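Trainee: Residues per chain, in single letters:
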Amino acid sequence: MVRIQREPIDGQALIEVVRTAGDGAVALFLGTVRDRNEGRTVLRLEYSAYEDMALQELERVRADALERYEITAAAAVHRLGVLEIGEASVAVAVAAPHRAAAFDACRFMIDTLKRTVPIWKKESFEGGEVWVEGERPADD
Amino acid sequence: MTVEVLFFASLADSTGAPRDRIEIPDGADVAALWSRLVERYPALETTGFRPLVACDMEYAAWDASLDGVREVAFLPPVSGG
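Chains A and B, in that order, are what the protein sequence lines are.
The first sequence begins at 1 in the working numbering and counts up by one.
The second sequence begins at 1001 in the working numbering and counts up by one.
To be clear, the hints were calculated from the coordinates, so they are not data collected in a lab.
Take these hints with a grain of salt, some might be off.
[To be verified] Residues of chain B clear of chain A, computed beta-carbon distances all greater than 10 Å:
#1 D1029
#2 R1036
#3 W1062
#4 A1064
[As the list claims (entries may be wrong)] Chain A is nowhere near these chain B residues, computed Cβ spacing over 10 Å in every case:
#5 T1015
#6 V1038
#7 V1069
#8 P1077
[As the list claims (entries may be wrong)] Which residues of chain A face chain B? A partial, calculated answer using Cβ under 7 Å:
#9 G31
#10 T32
#11 N37
#12 G39
#13 L55
#14 F125
#15 E133
#16 G134
Note that the structure is predicted; figures quoted are calculated from it, not measured.
Cβ atoms here follow ideal geometry from the backbone N, Cα and C, with glycine treated the same way.
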């Protein structure tokens, strides 16, 4: 399951989406809004997306993870809109028989989605706001 | 031919609009379309980065042909997560 949503992310619910009786490991990654960035005090972040393509790219990341790792299921959710400090902007959950594959696939998914999924964040800080420019997709 | 052009994030701020429709000659590539856009929106030239391009929601190169393409999106380096 992949989803782009404006509602708060429920990590526990995502765990329930992926886990099965055959799994000995579930890895959950939450990306959260932190209160400082590059020396500035961050007030909030606003996420926007090329939504149709973002959903497609998110699904591509999920499918790649299932192909590359010995995992049972994977899910990813990214949130859009205004997020306050501490809120989760992204969640990745992976279930697998063993922990190594769960960790590896979870890491692969968050690293890849940050490079390929067309989502952007605007940072509001004390004294202004700025679009955060991310990494370019690598040629892989 | 006419293509639908989409701008996102800081690029939409530069153009002042999230979308436009542009008439381009048959056989034009992404780079040719970008040149037309910079004429229309001079602020695009000062963005400080080379945008990513997606043709009909697939990442594309700057020399990709626009034949048969309906929608071209110009994307700042992504910063989700």
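Trainee: Determine for every hint whether it applies to the structure shown.
Mentor: Evaluation of the provided hints:
no.: 1; hint: D1029; verdict: holds (19 Å)
no.: 2; hint: R1036; verdict: holds (21 Å)
no.: 3; hint: W1062; verdict: holds (13 Å)
no.: 4; hint: A1064; verdict: holds (15 Å)
no.: 5; hint: T1015; verdict: holds (14 Å)
no.: 6; hint: V1038; verdict: holds (19 Å)
no.: 7; hint: V1069; verdict: holds (14 Å)
no.: 8; hint: P1077; verdict: violated (5 Å)
no.: 9; hint: G31; verdict: holds (5 Å)
no.: 10; hint: T32; verdict: violated (10 Å)
no.: 11; hint: N37; verdict: violated (11 Å)
no.: 12; hint: G39; verdict: violated (18 Å)
no.: 13; hint: L55; verdict: violated (10 Å)
no.: 14; hint: F125; verdict: violated (15 Å)
no.: 15; hint: E133; verdict: holds (5 Å)
no.: 16; hint: G134; verdict: holds (3 Å)
Violated hints, listed in ascending order, are 8, 10, 11, 12, 13, 14; each of the other numbered hints is respected by the structure.
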